[in-house]
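Take the given structure of chain A and dock chain B to it, following the hints.
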Amino acid sequence: DAGVIQSPRHEVTEMGQEVTLRCKPISGHNSLFWYRQTMMRGLELLIYFNNNVPIDDSGMPEDRFSAKMPNASFSTLKIQPSEPRDSAVYFCASTTLERNTEAFFGQGTRLTVV
Amino acid sequence: KQEVTQIPAALSVPEGENLVLNCSFTDSAIYNLQWFRQDPGKGLTSLLLIQSSQREQTSGRLNASLDKSSGRSTLYIAASQPGDSATYLCDLEYTGNQFYFGTGTSLTVIP
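Heads up: the sequence lines are chains A and B, in that order. Numbered continuously in the working numbering, the first sequence closes out at residue 114. Numbered continuously in the working numbering, the second sequence closes out at residue 1111.
Just chain B, with the same shape it has in the complex:
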């Protein structure tokens, strides 16, 4: 079974700081990698999707990178804000509509 690990499990930073969330996986033959955020008691909101042929995607203050050879994706958040506080999940898609979610990183941005 594919192992998808997100480290750290929890992160607390002061407002304004830049930060990086990590997602590691064992099988590099992915189709897509998608980053989600989940607010308490809410569903998952898609942030960025990186296709297997791409190395990064950017949306506003968010930048996601993908390095298949090292089995790693990072989500970079610039100038963090309290509203960024949430759990961030990476999701890997393989052939045959197989999806594997990471364990999640709980982010708290302190005003």
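Extracted from the complex, chain A is given alone in its bound form:
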């Protein structure tokens, strides 16, 4: 398996534009997580899905953020409209719902909003 795949790796966009980040989890994994990493706040959990269903989105900072998982092999994190303070590295991770299994992370998407 190629691991968790995120795209794009880098995104530079202007304030006010819509940004869509994509994630393909490891095949067979049924739990998917979106994280944001900044120097100030470290790694924060934004939202996670079990079996394609959003379970906890309490970490989503504002209504400008939304995430979907239309099927077991694809998820998106959308920011609309984007703001400079959204600049961060966004990670996707996947694991199985069985207890005591490791989580595997993608390489991340570095987002810069100017």
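These are computed hints drawn from the structure, not numbers from a lab. Remember, it's a predicted structure, so these values are computed and weren't measured experimentally. Built from N, CA and C at the ideal position, the CB exists for glycine as well. Check the hints yourself; a few may be wrong.
Heads up, incomplete: computed chain A residues facing chain B, CB under 8 angstroms, no partners named [unchecked claim]:
| # | residue |
| --- | --- |
| 1 | L43 |
| 2 | L45 |
| 3 | F65 |
| 4 | F74 |
| 5 | Q80 |
| 6 | P81 |
| 7 | E102 |
| 8 | A103 |
| 9 | F105 |
| 10 | G106 |
| 11 | Q107 |
| 12 | G108 |
Showing chain B alone in chain A's frame:
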């Protein structure tokens, strides 16, 4: 909210030295504890996972221990190498798929 602290925030050691990274937490009712490394500009790579019923796990030169009663986990790296230079993060999992990451320790191994 769970507090997860990693001390020191940065560490620099000469090659070949053994070292210990610390992870402290306030809520001991954990499911799992996982140690990751992160290289600059890269994602997180899983190193070791310790289940709540275990006290330690070993992989090569790495040994991770877990003491829930004292709210502490350590990552021991033997015979450090320049390739070990990275940021090391501990991640605690609680019931309901709640995850809390530590603040990270930036390690530099000097050749």
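Do the hints match the structure? See the list:
1. L43: Interface hint status for A/L43: holds (4 angstroms vs cutoff 8 angstroms).
2. L45: Nearest chain B Cβ about 6 angstroms off; hint holds.
3. F65: violated (18 angstroms)
4. F74: Since the shortest Cβ distance to chain B is 18 angstroms, the answer is violated.
5. Q80: violated (25 angstroms)
6. P81: violated (27 angstroms)
7. E102: holds (5 angstroms)
8. A103: holds (7 angstroms)
9. F105: Hint on A/F105: holds, closest Cβ of chain B at ~4 angstroms, below 8 angstroms.
10. G106: holds (5 angstroms)
11. Q107: With Cβ-Cβ at 4 angstroms, under 8 angstroms, it holds.
12. G108: holds (5 angstroms)
When each numbered hint is compared with the structure, violations occur for hints 3, 4, 5, 6.
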